[in-house]
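J.: Fit chain L to the given chain Z structure using the hints.
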Amino acid sequence: MKKTIIKRSIYSYLWCIAMIIGMLSPVIVQDAEAANNEVVSGIVSSAENEPLIGVSVTIKGTTKGTVTDVKGHYVINANRGDILVFSYIGYSKREITVKGSVLNVTMKEDSELLNEVVVVGYGTMKRSDLTGAVTSVTAEDMAKSVNTSLDQALQGRAAGVNVISNSGAPGGGISVSIRGVNSFNGNEPLYVIDGIPISGQSSGNSSALSNINPSDIVTMEILKDASATAIYGTRAANGVILITTKQGKAGDTKISYDGYYAIQQLPKELDVLNLREYATYQNLRAEVIGFGAREEFKDPSLLGEGTNWQKEIFRSAPMQNHQLSITGGSQKTRYAVMAGYLTQDGIGLGSKFERFSLRVNLDTSIKKWLNVGINAYIARHKQVNTIDNGGVIETAVRQLPEVPVRNSDGSWGTQQENMYGTYFSNPVADALSRENYNKGTDLQLRGYADINLLKGLVLKTEASTNINYYTDYQYTPLMKLGYFTQASSGSRSSSNSSFVDFNTYLTYNLSLVKHSFSVMAGHESQENNSENLSGSRDGFIFNSVHELQVGDAKSAKNSSSRNSSAIESYYGRFNYNYDNRYLLTATLRRDGSSNFSENNRWATFPSVALAWRISNEKFMKDVKWINNVKLRLGWGIVGNQSIWQNYAYGVTMSSSATPTGQGFYPGNYSNSDLKWEKTKAYNLGLDLNLLDNRIEFIADFYHKDISNLLMQASLPSYVAGVISSPWVNAGSMTNKGMELTLNTVNISKGSFMWRSGLTFSINRNEVTGLYTESSALVGEIGGLAYSYTSVGNPVGQLYGYKVIGMFKDESDFYKKDNVGNNLLDKEGNRIPVALPKDKKIGVNEVWVGDYMFEDKNNDGVIDENDRSFIGNPEPKFTFGFSNTFTYKNFDLNIFINGVYGNKIYNMLRQNYTNPMNNSGLLKEATRIAVLELIDPNGAADDITNVRVKNSDASVQRINITDANNNNRMSDRFVEDGSYLRIKNVSLGYTFPKSLLTKFNIENLRIYANVQNLYTFTDYSGYDPEVGSYNVLLRNIDNARYPSQRIFTFGANLTF
Amino acid sequence: MKRNISYILLLSLFTLTLGSCSDDFLDRTPKGAYTDADFYTSASALKAATAPLYTRAWFDYNRSALAIGSCRANDCYGQWFLPAYTLFTITALDNEVSSAWQAFYSVVTMSNATIESINQKATGVTEQEKNQAIAECRLMRGIAYFYLLRTWGPVILFDNNDVVVKNPLQPRHKEADVFQFIINDLTYAAENLPAVADKGRASSWGAKGVLAKVYLSRSGWDNGGTRNQEDLDKAIQYAADVCNNCGLNLIDYENLYKYKYNNNEESMIAMQWVPNGEWYVCNTLLSDLAFSTDVTGGVNCWSSLNGTIDLLRQYEKGDAKRLKATYFINNTFYSYINIKDGGYTYDGTSSPIKKGVPGGPDDDNDGYVKVMNSPLNTYILRLADVYLTYAEASLGNNETLSSGDGLKFFNKVRKRAGLAEKSSISFDDIIRERRVEFAMEYCNWYDMVSWYKYKPEKMLKYFNDQKRGWTCNQITKDDYGNIVINDADLQAPTTPVVVTNDNIFLPYPEKDLLQNPRLKEEPQSYNFNK
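Top line first, the protein sequences correspond to chains Z and L. Heads up, the first sequence is in the numbering used here, so the first residue is 1 and it goes up one at a time. Heads up, the second sequence is in the numbering used here, so the first residue is 1 and it goes up one at a time.
For reference, chain L alone in the conformation it holds in the complex:
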């Protein structure tokens, strides 16, 4: 019995030592990942914190960019791929509607979260480094809201995620306030970004360029058919500053769409996709754009999109450079596609998409071409855009513009395309120039919406005259390289497309309407003084 008792004592002791755990037994702060508390502690950490704003944040926008930016503008049309965007039959149940909406707000929420974290958690960095990082966030947030505004009109503004996470039932805000919110963000960005930024990142010039576009857009927005002079002046001021002082230059047009020219001199802000990147950080559009494995080095692709008659007819005689870089047209030779067989000549008679198709992995792409994975950046702003913005703002409310810097920069764009300079330009010239210059760059529709808000009747007529849904399988070129499309070869859609005041803006995604019925309430004013 005595022995038993000593055993008991021994065992009890043993049990006790194994028994209760110390307090930190239950503390399992992640060992495999950083937490926000220990992350924002150096200048390079701040760089790493703003880098995904150029990449991951925009991912869901890949296909919607094509749908909204280009198909809707009637840059291209395919009966089997996103036809509803060209034909204006979009509904709230459409995929690309919800993914664009989600992508733009992803940029907003990521920017908000990063700003908040930098403000609350950053240590060991200078005020200037902090401000610069915040400026990058605000630039991206402003750009996302600018897209949102031109796609849906009134949208929900917020700069604090927690408030919306706790109460997602938020109202929309008035378009004027959305503009003001964007301008506040971009102005801050223009003031706090450096004049020379790291490769692939936005400089203050990029911010100013977008700002010029925003002011120009606001100048005519719901303003009774005239443009507000104050806004025009601001647009001119920012555009002129960029055009005259940024030190950047236009480059060869075709090179703009080659992998090796990512972040070229003309590129001011671009989505930075990871070459050969994984899902969520790659440019997925390759397979949606390329029409044949002949131009992708065998990489699987499925595009049925073609350049529209409407857009092809915007090309002036002699505009072969831009045409070649944008669409495959009969009998056009590309030395940099299918290099190992001595190049590629398109001999079909349709107009498949060229822009965004840089060739195959064995061409000059370092092997970085895969199914749904192209190494090309997606432009948000390039210098030619600011040049044309300068010209448009300079034209202002006038019928024509026949002198001054605005015209000079307009002609720089034409000159680069190999076209003759114009001595005088009108609003229609600007529309035409922009459409050709930015065809298949996922931005024409957004500009069209701004123009529609400026001159609704004119643009409605324009949209309805665009021969939407027309197709042609007999597109050829004459001896001088100019495009030939005979009316006799055209095929009209069964019913004409009707664009009205009611379907310019996209519907809010149905799922969010279900979760937040307030999206149907009248837009409210945003409280800027929180």
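Just chain Z, same shape as in the assembly:
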């Protein structure tokens, strides 16, 4: 009952705010009124002598004021002795006493960022007062490259923040991790956009953030350490990213337009066998197996290249983005309206992303003691991806090079009849005729009221909601391509979810000479609800209509589901500042989550941080070259409650169809002891600004102890069958690391300036405990182990066999010394090398041309005990390096980022070098081991008579049973994932203001940009940036949609 009251109240509250603002909006008027003695006028210009337009000029202590016009000119009535205040965004404020009727003013750009106000969660703070590790990414930083989504804007720009695309598809999934792997279950930070919390958890191939238009953003604050994030308690374990979008400013209305056009390309193809090589391979295969030789392949040299299917499914694709924003307002009411449109064709056939967005930010002072505001955002997107989800990339690798894309009559090319009975679809036909897209509408709405109850005491109450509607459309067409047939099937699913957050807090500020205090306390409740409805049908007669109603009614299936979760919190913060030298921040939060049973529901998250601004000490006063030195020390506990199952502490019945009606069984193992994951973190930081702020250096060191790690238990398959594994507090781990940021102005001479920014991060992870003493966590794909996590080691390391060579002839089956002679035992017999368990030397077992694995434990048998760690997916360090050159009106930015020392498991090579395959082989397969008889008249099954002919053989022999499991998980497929990427190069030109004023244009910049220009890497797959949705299966590359190279041309225009 109470629940409905709360919900209704929130909506009615939002409604009230909307009404108030609606009534006020016509009252957006200029306040400047003129009635004074003397007319003062002048020109306001920049240091470069460009007139500044829209500079606010006010008389101190009054509400009187004006703004400069397009020539930088202003006129104001003032008394002699009045103080005029000139303020302009990005410039230092100037206060000048009126002495005559002409007052020309030069304003300096504000390089001193320390007084900038930073959003910190339930409030703001001056940057100089920060005690925690907070990194800002500003609109200016983001403008240096073209970002289609928010997460791209983050990549490489903030130390300690690692962004990896899980898919390069337009609108594709991204994983962002702050300070290493923080959890076994989801690593995405919490995003708070203008006060509305949004989970960063990607689902499948689409990003939760793809609906946010990055052009709306003014700043992003990345809260990294626990003392900064603890105020977000339960949802803070993975860090918090606070996003502020454009707000209106008092003054002239500004209209600006940003737009660009771009072309995207596939930077790299996989090298697969061409037709000649494929024919050679087929001939070899027929020879080994004894049949299946094809007449047309008799002389491969007569054949051409055949079809390069990858070329056929990838293309150069255009993208364009337009953004229009209007900002303005009066002293009382400020507004910003932003409308955007993005359309992006993917480089893969049949992929596309489109987004419309509209954002309105409005705030107004109704009374002296009452400010209200509203933030509204609506976005609609459509994401088409037939290539990723339909397995088209894989089909393109598998389909034979002999098959043409189209036959001479225009019909789709198809395979000839073959003895394997395996037929692949035509990937081009597939990508073009399959339907797979989703449409979504996101609505974010927040209303707030600030009430000044008493001097220094403010009550803020805010209500926000985030409502999403998604519909997913899929259709697999009826297809008969020669021997390949495909039945039609269609499905539709529609889901809606809503998030409602109600939040009230009181802030009290008090300043007494050298002491200043700030106390905040509040309450928050959050509720999530989601519903889903889906249906499918098969048996469509034609492909022209895809709606379910034309499918076969007998095949109809449908389902629906519903879920809800809630969090309730109490929180408080205490700030103390003594003489701008000693700063203290303490926070406390208590959260209750519906994910846990009543006994384990609530947890408390405290934090304390101290900062010492050494530069404000007396003894530093004379050190002029040091502008700022601050030492920060923080400690805090944050939590994680995010599990995918709302009722993991109990048993939900799974429903399953049976021929005699719906059946039910206990769907999960319950865990009534399940509790919060807790991260205890320490942070030590140093901020240093030197030489007139030309050098800014920030260093942070952290140590995080994460305990009660939440995850779905990794159980052996004899218990983890149909009943899903319980959620458990699986263990504990630590992350230790260091982050360095160095921003410098290297040269600033006349109109030339060279600035650079370097970020560098190191993180080391170690698992310190697991929930049953000797159990280990296994990362599993299809029942096979790929990673192994045990105490004392980093999480999710690749775990497999070591290849020590290939059996080239009979002598290789016996141990050898360094020079290649067989070793002998006491009796003078050769010592056999270890073979896989229960396997012997034999054509159908282990033979010449097979791989030799290392017998790690020297027990003479190759089995699971010989597995070892063969690669850590975590990088040794990551870095970003940005250089900006400006000369007169030109600017050039080069941004490089890189990752060093991580290992990738190239599953593509594991799958596509396997000579068990009939097709789908990489170039590497031209080096398949070919066997020859030493004595051509001797027996083929006599091991002493067989050897490998080609000395460069790097792929095992062709054999139908592969009893040696040559392609087992081994270090053969582990590759170095280090890379250095020229992520972005942009060149811009800003037109001189003097020229623009003639056209009433305030600002115009045009630019050209190249993204992902080149990647230096030894990795042989598509892209060394391999994402993952699962901590235990990181860096396992299984043909994801590759990232593209993008050439962009664009303009920013402000009126």
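Careful, some of the hints might be misleading.
Partner residues are not named here, just some residues of chain Z that face chain L (Cβ under 8 Å, in silico) [what the hints assert, rightly or not]: (1) LEU481; (2) THR485; (3) SER555; (4) ASN558; (5) SER593; (6) GLY663; (7) PHE701; (8) SER717; (9) GLY721; (10) ARG764; (11) ALA785; (12) ASP838.
Simulated from the structure, these hints should not be mistaken for lab results. Ideal Cβ placement from N, Cα and C applies to all residues, glycine included.
T.: Using the frame of chain Z, we list chain L on its own:
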């Protein structure tokens, strides 16, 4: 100022009402699904709770059934599909090894969980209804363990999931204890299941039939080449009871493998797949079995499996009925496949798989044929199996069996196949009869393992004489419909297959060995008195 204060009061009040939530704000018991606490409350709920034991629980066993039950028995062979099972080159990394292991244990864990829930949570149902539901669970658990035993030998026994979830590092148990565990389960099932069950569900006769098989298997298991008389007697007792009293009958052999004959009179226990069902509840084997879209009404399929020379040569002259229902052999006509074109005649000279291929969606299948989706049940036990078990148990340790009910029921199976009755049968006759009767029914290998445990040398020789890996593309029929395979057309594999004592049982899946090294420890005794 006065006004301000009243505002403050008003706002504070407003904030307070919106502030703290009531306790149940954080209580989010699922609204979209049942929970175990409120589910087991009626007789029909208990039925719904045991139904997935026939369907969902076995899903992962689909392809492994073919691999282990048939390919390994050399019923069929394909160079491109599961060859390692026929050629005995399986490793712990094999897919079907892990999926069979997982599927059998899925049956075990689902049974355990359901028994536990019924015992703890059931309300509003009679003791008898409870016992019957528990009996169904125990029947399925016993059957799953029987498969596990014959695939891996010693395995982990458990009847309480929570213990194993909390501590997954459990040891294996001795084969004798696995047998005892199975017998306990099946005996309970035989006593508590009704004589006449709902369609598609097991009756007490089904439980007794399996029990007879278990006793027969145990009688010779590691027993020095003879069969234990006590177990034989038990096997005879249960088999005779079923054969004489169950009231069921054999039906036309070919009809056994038609959709419309699912749960026919002969079917005693079967996996109940959902026609046109979704993944996890459907019979996926259609596309693995069917060799051409000509026999599936255009539904995509990819089988490269063929009946082996070894098995085809087990067919006696005149055994055309069973041959036709099991393999496509040259010049054989099927009126019920491709009905709209007047039927289908196989004119190739290989021996693709017929059993499990019921035709296309437009044939007599109500449209329920799709890629990897056939509407056919998978037999766990049918009456003919109990008949042959009766005969084998009656033969016991004797050289021949030439009288009595055992022989009578043996001959019923032959008669149904259209073959002449035998006046005397030997162990070899039983092996041959079973192989033909159950060819491509995913069970021959399991029986072979029992025989191997009874007479290891004999069966090793048998396995090694099976011409494993041999192929022939010139299989035809003579004028009388008998199969013709000339030795000259045979193609031998590059190296002969060697079956040894070391590779009869499958390796434990490597992933589980990594997670539980105790699987390598010596098997322990199971504590039955917990």
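J.: Taking the hints in turn, state whether each one holds.
T.: Structure-based check of each hint:
At its closest, the beta carbon of LEU481 (chain Z) sits 11 Å from a beta carbon of chain L; the interface hint therefore is violated under the 8 Å criterion. A hinted interface residue such as THR485 (chain Z) counts as satisfied when its beta carbon comes closer than 8 Å to some beta carbon of chain L; here the least separation is about 5 Å, so the hint holds. With 8 Å as the threshold, the beta carbon of SER555 (chain Z) comes within range of chain L, its nearest partner Cβ sitting at about 6 Å, so the hint holds. Look at ASN558 (chain Z): its Cβ only gets to about 11 Å from chain L, farther than 8 Å, so that hint breaks.
Evaluation of the SER593 (chain Z) hint against chain L yields a held restraint, the C-beta minimum of about 7 Å falling below 8 Å. Hint on GLY663 (chain Z) holds. Least Cβ distance to chain L is approximately 3 Å, under the 8 Å limit. This hint is violated: PHE701 (chain Z) has a C-beta 36 Å from the nearest C-beta of chain L, more than the 8 Å allowed. A least Cβ separation of about 4 Å between SER717 (chain Z) and chain L falls short of the 8 Å threshold, and the interface hint therefore holds.
A hinted interface residue such as GLY721 (chain Z) counts as satisfied when its beta carbon comes closer than 8 Å to some beta carbon of chain L; here the least separation is about 3 Å, so the hint holds. With its C-beta approaching chain L no nearer than about 25 Å, ARG764 (chain Z) sits outside the 8 Å limit, and its interface hint is violated. Interface restraint check: ALA785 (chain Z) against chain L, minimum CB-CB distance 5 Å, threshold 8 Å, status holds. A least Cβ separation of about 5 Å between ASP838 (chain Z) and chain L falls short of the 8 Å threshold, and the interface hint therefore holds.
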